[in-house]
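Peer 1: Just so you know, the sequences run in chain order U and X.
Straight run, no breaks: the first sequence in full-length UniProt numbering ends on number 354.
Straight run, no breaks: the second sequence in full-length UniProt numbering ends on number 260.
Derived by calculation from the structure, the hints in this document are not laboratory data.
In this text, a Cβ means the ideal position worked out from N, Cα and C, and glycines have one as well.
Hints may contain errors.
Said to hold, decoys possible - Pairwise CB distance ranges (calculated):
#1 306(U) / 169(X): 31 to 41 Å
#2 223(X) / 305(U): 29 to 39 Å
#3 41(X) / 314(U): 52 to 62 Å
#4 291(U) / 168(X): 16 to 26 Å
#5 176(U) / 52(X): 27 to 37 Å
#6 162(U) / 197(X): 50 to 60 Å
#7 162(U) / 205(X): 44 to 54 Å
#8 162(U) / 101(X): 27 to 37 Å
#9 263(U) / 144(X): 25 to 35 Å
Claimed, not checked - Calculated from the model, a selection of chain X residues having no Cβ within reach of chain U, i.e. all distances over 12 Å:
#10 50
#11 62
#12 139
#13 146
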Amino acid sequence: MRVFTSRTLTAPLLGLAGLLVTSCQPDADILKQQAVPGDTLPSNFPTPAYALETNPPDRATFELGRTLFYDPRLSRTGDVSCGSCHQQSVAFAHADHRVSQGVDGLLGPRNTPPLQNLRWRRELLWDGGSKNLETMPLAPLTNPVEMDETLGNVLKKLNADADYRRRFAKIYGRSPIDSYQFLRALAQFTAALTSANSRYDHYVRGEAGRQLSAPELRGRALLAQKCTPCHSTDLFTDETYRNNGLDREFSADSGRAHITSVVQDRGKFKVPSLRNVTKTAPYMHDGRFATLAEVLAHYDHGVQPSPTLDPLLRRPNGQLGIPLTAQEQADLLAFLETLTDTEFLQDRRLAERQ
Amino acid sequence: MKFSLPTFWVAAVVTVFSLASCNDKEKEAQPTVGTLDIEMEHVVGNRALALNTTTYTNPVSNEQFTVSRFNYYVSNIRLQKADGTEYPQPESYYLVQESDTESKHLHLKDVPIGDYTGISFVVGVDSARNVAGAQTGALDVNNNMFWDWNSGYIFFKMEGNLVASSAYPAKSFLMHVGGFTKPYNAVRTVKLTFPSSNLLVGADHSPELHLRIDALKVLNGPQPIQLSTFRGAHMPGANAVQVANNYAAGMFLVDHINAN
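Model the full assembly from the supplied sequences, consistent with the hints where possible.
Peer 2: Here is the structure:
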């Protein structure tokens, strides 16, 4: 209607503008579809560890990374891909698997962590053993109970594939495919896994029409009061390693101490993000809790003493944990639901190509 | 002396031209950079290092052993001058492997011409590059010098076999040194002065610096290592630091300089 009115007023000029608009509009749509997921940093997030400029998002490279992520040939047996254990519908965690399951059905010692907002992570894995998003895949790739392959063999397989050779050469302009190209392309996909469009995000960014309910808002206040600094910032983790009182001794898994060889780090694990937490069961580094209700019950009355137990879990009266009434637990669970990012979980650009 | 005007102008023009060409010649004849070759000669005490085939004696304990692998990174090379200034080589990363003859020749290009009195370098890889992600060349993570699960470069590898004695059985040993964070930071800088003569890098001087790297110093250092009881090093930690302290203390020596 407005266009019609304008056109009648200044036909020649607006005709030109109209042409521009009509010629621009489809382009803009295509551009939006072709944009790389996560190529815009969410305004409510802190500064990323893996800056956009480090490996500038590029459509072809992202697609190559996506192909690699879902390629089972990266494993020794040819039947386990990154995507086998990192499923999009559950924020790239592994649904219903207490611990990771690798080649030949071998079980690992730890729960498959979700892959989301990795661009903001300075250290990766439950123990922080990996210090860069690009070299992180080497851990599962070579782990005997995960993909059990060597980097050399992976490169051989990629170089033996004409399609990969063509796609890599087009991007990197040289051959053969080397570890640099392989890891950089894969990182384009893993860095793109950005979850920042939950109901909470829309609310906190003041985007129109997005409100949280009274229980959700109470839960948010409770989280800020009782669950920070561990689950702080809009990433809902402070990226530290802490012993949250699951066990009294750590012979099964020393956690962070496995990396640092420091006694004071025994039993400490990376504080996980709470984003999409309702989707990423089971919980804790060893997947021991099946539900979030169990997790909250643990903090309320299950915390075990040990020399490295986090001081925040020792109360002045000598008791351990974070007391939470039934109402508080219900409110916290209501808030955690708002951190589910359906857009991320269903973004077809992140799915395996059918 | 008396010049006619035309003669003056001819002379002036010729002079100007010859000056100009003279300047050009000077620019061509006096480049600002030269090259330096560093030769790494691996020895075990007073004998050459030969992988697998030669049995050596640990001076710490008289243990007999062979060496099957001997690799290390040299990085962040700096050349010092007498006036205290130094030239830090940019993008300075070298992987030296006994099994790869070519890798034992470090070819430094674009070294500013000058008279150098010493050299320093990191044995290993600086902390920044340890966390910098995928790399190429010497730092390619596919060079079998990178830890996957506790990610970072392996700065030094010495592997071999201990020959059995009446006191202990034969066993293999493995020393993989890395780690760049406290309290087990194994990054070590070695500083060597040129003892007899300076190292002159010039337009017509492409010197060769011969370093002698004595593997025995890994064992016979400030914190001596008995192979039969040493539990090896395979991750950042106290054992890796012990090996690093030993090799940093005396493994690298200036043997001689070929002025060329």
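Peer 1: A range of 16 to 26 Å was offered for this pair. Does it hold for the Cβ distance of residue 291(U) and residue 168(X)?
Peer 2: violated (55 Å)
Peer 1: Using the beta carbons of residue 306(U) and residue 169(X), state whether their distance is inside 31 to 41 Å or not.
Peer 2: holds (39 Å)
Peer 1: Does the hinted range 25 to 35 Å hold for residue 263(U) and residue 144(X) at CB?
Peer 2: Hint holds: Cβ distance 31 Å, inside 25 to 35 Å.
Peer 1: Kindly confirm whether 27 to 37 Å is satisfied by the beta carbon distance between residue 162(U) and residue 101(X).
Peer 2: holds (35 Å)
Peer 1: Decide, holds or violated, for the assertion that all CB atoms of chain U are farther than 12 Å from the CB of residue 62(X).
Peer 2: holds (31 Å)
Peer 1: Looking only at beta-carbon atoms, does the pair residue 41(X), residue 314(U) fall within the given range of 52 to 62 Å?
Peer 2: Since residue 41(X) and residue 314(U) have Cβ atoms about 59 Å apart, the given range 52 to 62 Å holds.
Peer 1: Note whether the CB distance of residue 162(U) and residue 197(X) lies within 50 to 60 Å or breaks it.
Peer 2: holds (57 Å)
Peer 1: In this structure, is the beta-carbon distance linking residue 162(U) and residue 205(X) contained in 44 to 54 Å?
Peer 2: Roughly 51 Å apart at Cβ, these two residues keep to the hinted range, so it holds.
Peer 1: Checking the smallest CB distance to chain U, is residue 139(X) really beyond 12 Å?
Peer 2: violated (9 Å)
Peer 1: Just to be sure I understand the hint, the distance between the Cβ atoms of residue 176(U) and residue 52(X) should be within 27 to 37 Å; is that true here?
Peer 2: The hint (27 to 37 Å, Cβ to Cβ) holds, given that residue 176(U) and residue 52(X) are roughly 30 Å apart.
Peer 1: Grab the minimum beta-carbon distance between residue 50(X) and chain U and tell me whether it stays above 12 Å.
Peer 2: Label holds. Min Cβ-Cβ 27 Å, cutoff 12 Å.
Peer 1: Taking the minimum C-beta separation from residue 146(X) to chain U, is that value above 12 Å?
Peer 2: Check fails; 7 Å does not lie beyond 12 Å.
In this structure, the hints that do not hold are numbers 4, 12 and 13, in rising order.
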